[in-house]
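Participant: Protein chains in written order, with our numbering: chain D, 1 to 396; chain F, 1001 to 1318.
Bear in mind the hints are in silico, worked out from the structure with no lab data behind them. Note that this is a predicted model, so its numbers are computed, not measured. Backbone N, C-alpha and C define an ideal beta-carbon position, used for all residues, glycine too. Take the hints with a grain of salt, since some may be wrong.
Stated by the list, open to error - Far from chain F, by Cβ distances over 12 Å, these chain D residues were calculated:
no., residue
1, Ala58
2, Ser98
3, Glu112
4, Gly121
5, Ser165
6, Asp196
7, Ser197
8, Arg230
9, Gly231
10, Met259
11, Phe273
12, Ser308
Unchecked claim - Label pairs and their computed distance ranges (CB to CB):
no., chain 1, residue 1, chain 2, residue 2, range
13, D, Leu46, F, Lys1107, 35 to 41 Å
14, D, Gly318, F, Gly1261, 53 to 59 Å
15, D, Gly256, F, Glu1120, 33 to 39 Å
16, D, Leu46, F, Asp1175, 45 to 51 Å
17, D, Leu286, F, Glu1120, 25 to 31 Å
18, D, Phe366, F, Gly1039, 55 to 61 Å
19, F, Gln1028, D, Leu244, 30 to 36 Å
20, D, Val381, F, Phe1013, 27 to 33 Å
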Amino acid sequence: MKVEQKFENANHRAWSNNPFRGFRAIFYKESLHLRRDSMAIMFALLVPIVEMIILGAAIDTNVRQVRTVVLDESGLMEHASDVQGSQSSRALLDRFRSSDTFKIYKYAHSDEELTHEMVAGHAKVGIKIPFDFDRQLLRGGSAQVMVLVDGSDSSVAGQSLNVASAIGLDESLRRMLPPGKLPAIDIRPKVMFNPDSRSPNFFLPGLMTVLLLFVTTMLTAFSIVREKERGTLEQLFVTPVRPLGLMMGKIMPYFGLAMIEMLMILAFMRVAFRVPIHGSVLLLLLLGTCYMFTHLSLGMLISSKANSQNDAMQRSMGIMLPSIFLSGYIFPLDNMPWIFYLMSFFVPATYMMQISRGIILRGAGFGDLWINAAALLVMGVGALAIAARNFKKMIV
Amino acid sequence: MAAIVAEKLVRKFGTFTAVDGVSFQVQQGEVFGFLGPNGSGKTTVIKMLTGILPLTSGRGVVDGVDVTADPDGVKQRIGYMSQKFSLYDDLTVLENLRFYAQIYGLKGKDAQQKIEQTMEQNAIEPYKDRSAGKLSGGWKQRLALSCAMMHGPKILYLDEPTAGIDPVARRKLWDLLFELSGQGITFFVTTHYMDEAERCSHLAYIYYGKLIADGTPDTLREIPEVSPSGTQRFEITTKDVTTALRRARTLPFMRSATIFGRSIHALMQDTITPSELAGELEKVGVHADEIRPLMPDLEDVFVELTYRKQAEMEVAKV
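Model the full assembly from the supplied sequences, consistent with the hints where possible.
Facilitator: As structure tokens, this is what we get:
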């Protein structure tokens, strides 16, 4: 009897000194909520698949087969108008065709028709070869070719311009060099890490970073705000649960869900989109944990301030939008005005973008990426500390 | 031994004093009604006596445990039920019970045994797999109370437990409270309903951070400030109460008069007999159907005390 009591006292003391007290109970309850919350499950598991399909399969940022209209006047002198162009102009146009950048879909018969095709948006590029093209070539003069480019889509315009100029230069060189002689400098570009410039390889590792935000930030924020709205949080404060036990109990189920989500995204990316993972998956999961921790803490921070789910939603958006636009996910950071560039340092997704592209595409190791993980941890601990302080204030 | 001892509780928020030297004692097995207008410091006192909010000064002892020295010990010994019956609607009855068992540190066999016992006591076993949100008001309340009592506390705090529930469920809850208090459990209840206050075995009234009344309903009714010596109360039943009230107030011996439903509650000099009063009323054109002596009810008591306190505070300001 006495021994038993002693044991019980010791047990009780261990329980009362535990800073994570109440963790198990909160974890149990929160997991049940999550399991019954079909919206959350959908957010975490279905939405990512759909978004991956959209971004991975439907969107191709590489410029290919740009619709091109041609007005070739060079042959008019020699032939009837049924065959357009001369031998040399057709050779030049073949170069354009075989570049894969241009797709010649129509031959125009007048300047008006050429302009019309451009204005109407049927053609993005118009090529005009003047009537004296052959004559200039034969005389050894400079034969001019006009290339009109629709500037309303900047990536199409840029790519078309570059390829057109390159074809021009290349053709000129070929004509100037004596047969059998090679150019003095031969640049052989090689695109590393993504040799075929495949869009999924570039987009999906970034998309994973963005997708993980929903579960980590928004769902955790909701989970506490909901208790505020229902009045159950007040009840929890009167129980012996400790703040750390409460917060960790709330965080862990969502951490678990985010982990499942991440594994699912990786598997889908690898199998369905054939994006090779060059680095260590284990390292990616480990550093991904740091990122999730940061955003789970931010979710806690939001919930400590927001008083309704609507409020929490708007605050979450305030975190998500910069994560999409200021993290280098869509727009390269190096081209940003300095103020936005500076802001990107305070966006956790920026670091995760480095980590995920680094490991997946470049095969980077811990030595290359640890600074990113450190930045994430610093932000996470900071957010959690402020959240804990806010909760303490809320009780009073 | 007193279940709850509050000694000169003070709580300041910055320069604002929310609770100003509140003292009272609640004996074991009492149903203690804690009343006061919103914003008068009720919730702050509860927070101090549940170990959530540190005291600025004073002393609080709950079930023999000092709230300042061992707030966690206090939390372990009390149960608390907030206004909205803090149940998780999407969890089943059984899951709600399990959660509260866990959060109070019950484990394995102990927890299982306690949960079964609770379900049996409350006859809630048949509903154990139903989600709490689908229970009717009365069952919800029972479940909420069961959850708050899962760890066998001797003291329960109920913060406006009957706000917004129907009269039948209200009556049932009070019957349950008295049944439990008979078993030695102490209740600390806040309410705005006067009929509930009447049922408490001990009442306290807080106004602007100060306790201005403390006693049983009967002793409160008899405190001299409410019924000054040389006065008496009558209930006058008559046809047209509004006109009658205006006229009755003109009588020289009348101290105060208010309408109460279809009758008038009047405070007057105790030298007047009921028949004299009827005569005087006839003179001013009021026919009284019935006149009977009246004890002040609790609403009278609290209204009177509040007026007096307000007047005192006005004087203090000048």
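Participant: So, for every hint listed, does it hold in this structure?
Facilitator: For each hint, the structure was consulted:
The non-interface label for Ala58/D is consistent with chain F: the shortest C-beta to C-beta separation is roughly 37 Å, beyond 12 Å. No Cβ of chain F comes within 12 Å of the Cβ of Ser98/D; the nearest lies about 63 Å off, and the non-interface call holds. Every C-beta of chain F lies more than 12 Å from that of Glu112/D, the closest at about 69 Å, which supports listing it as non-interface. For Gly121/D, the non-interface assignment is confirmed: its Cβ lies about 53 Å from the closest Cβ of chain F, beyond the 12 Å cut-off.
At the 12 Å boundary, the C-beta of Ser165/D stays outside the reach of chain F, the nearest C-beta of that chain being 64 Å off. Under the 12 Å C-beta cut-off, the non-interface status given to Asp196/D relative to chain F holds; the minimum distance is some 49 Å. Interface exclusion of Ser197/D from chain F stands, the closest Cβ pair being 48 Å apart, more than 12 Å. Once the 12 Å rule is applied to beta carbons, Arg230/D is inconsistent with being away from chain F; the minimum gap is 7 Å.
Gly231/D, annotated as away from the interface, has a beta carbon of chain F within 12 Å; the closest lies near 4 Å. For Met259/D, the non-interface assignment is confirmed: its Cβ lies about 23 Å from the closest Cβ of chain F, beyond the 12 Å cut-off. Every C-beta of chain F lies more than 12 Å from that of Phe273/D, the closest at about 37 Å, which supports listing it as non-interface. No beta-carbon of chain F is positioned within 12 Å of the beta-carbon of Ser308/D; the least distance is around 16 Å.
Range check, Leu46/D to Lys1107/F: about 38 Å between beta-carbon atoms, so the 35 to 41 Å window is met. For the hinted restraint 53 to 59 Å between Gly318/D and Gly1261/F, the CB-CB distance of approximately 56 Å keeps it satisfied. Checked against the given bound of 33 to 39 Å, the beta carbons of Gly256/D and Glu1120/F, roughly 35 Å apart, stay inside it. For the pair Leu46/D and Asp1175/F, the supplied restraint of 45 to 51 Å holds, since their beta-carbon distance comes to about 50 Å.
Distance hint check: the CB atoms of Leu286/D and Glu1120/F are about 49 Å apart, inconsistent with the given range 25 to 31 Å. In this structure, Phe366/D and Gly1039/F meet the distance hint of 55 to 61 Å, their C-beta atoms being roughly 57 Å apart. For Gln1028/F and Leu244/D, the hinted distance range of 30 to 36 Å is satisfied, since their beta carbons lie about 35 Å from each other. A hinted range of 27 to 33 Å for the beta carbons of Val381/D and Phe1013/F is consistent with their spacing of about 30 Å.
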